[in-house]
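Note that the protein sequences, when read in sequence, are chains A and B.
Take 1 as the starting number for the first sequence in the working numbering and just add one per residue.
Take 126 as the starting number for the second sequence in the working numbering and just add one per residue.
To be clear, the hints were calculated from the coordinates, so they are not data collected in a lab.
Small disclaimer: the values here were computed from a predicted structure and weren't measured.
Here a beta-carbon is modelled for each residue, glycine too, at the ideal position from N, C-alpha and C.
Be a bit skeptical, because a hint or two may be false.
As the list claims (entries may be wrong) - Just a few of them, taken from the derived set where beta-carbon distance is under 10 Å, the chain B residues facing chain A:
1) Leu-198
2) Leu-200
3) Ile-249
Each chain, written out:
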Amino acid sequence: MSMRTPLSRVRGLGSAREGTGHFWVQRLTGLALAVLTTAFIVLIVALAGRPYPDVARVLGNPFVALLMILMVGAGAWHMKIGMQVIIEDYLHGHAKLIAQIANSFFSVAVAVASALALLKLSFGV
Amino acid sequence: MSNAEAKTSRPLSPHLQIYRWPITMLVSILHRATGIALYGGTLLLAWWVIAAAAGPAYFDVASAVFGSWIGRLVLFAYTWTLVHHLLGGIRHFIWDVGAGFSKPARDNLARANIIGSVVLTILIWIVGLAIS
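One chain only, chain A, in its complex shape (with noise of 0.2 Å):
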């Protein structure tokens, strides 16, 4: 029997010590990713079937840029605690634990890469 308060054990954040961090971060990045995917859409809309230098130009703008930029960064937060959640339910032990790590990887990955890729349109290197 435990001798601990309610509010000690919420304080305490069970026993991974992050309590809801990782409920409130999926929502925080969600909300992020329904203005930034709209933006997105709107961008690959206008301009698909474009030649290159009109792509290269529009990616390259500064503001562009920022916008792709924070939707990379905050989908990769977004899908990588997500596809953790699907690993927890899944999967165990080793195979837990490989699938944590490859997700870990994967995800930061994918948004460095990415993130370089603009980065370097808008610097223009």
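Keeping the supplied structure of chain A fixed, place chain B upon it in accordance with the hints.
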């Protein structure tokens, strides 16, 4: 004895295969499935911006792939996947503020999610093809 027999023949709870799916169950599963698909789909997004950063020659290769009929089919599916997951997220936001929990509201939200995603996807493609 008769006790053991009763144990083996007692009814089991219905499993996925024989369950008549409520629409909310279908949309919930679709939300997870589209999330997984979008996870992989970020590779296409990364490839597209990397191709743009790599220069005109490589960008034309990527454009040819995306512009082929199979490329367009994938992008059409990608569009629906994104829109469905986006609308599903809004459905979750509605629940988060405490609304939409009644039986008719749940079913209507699920229906709106499916119908809305199909309609919006088609509209996006009509506009995209019209102005390109």
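Hint check results:
Taking 10 Å as the C-beta cut-off, the interface hint given for Leu-198 (chain B) is violated, the closest approach to chain A being about 15 Å. Below 10 Å, beta-carbon pairs count as interface contacts, and Leu-200 (chain B) has one with chain A at about 9 Å; its hint therefore holds. With a least beta-carbon distance of about 6 Å to chain A, the hint placing Ile-249 (chain B) at the interface is held under the 10 Å criterion.
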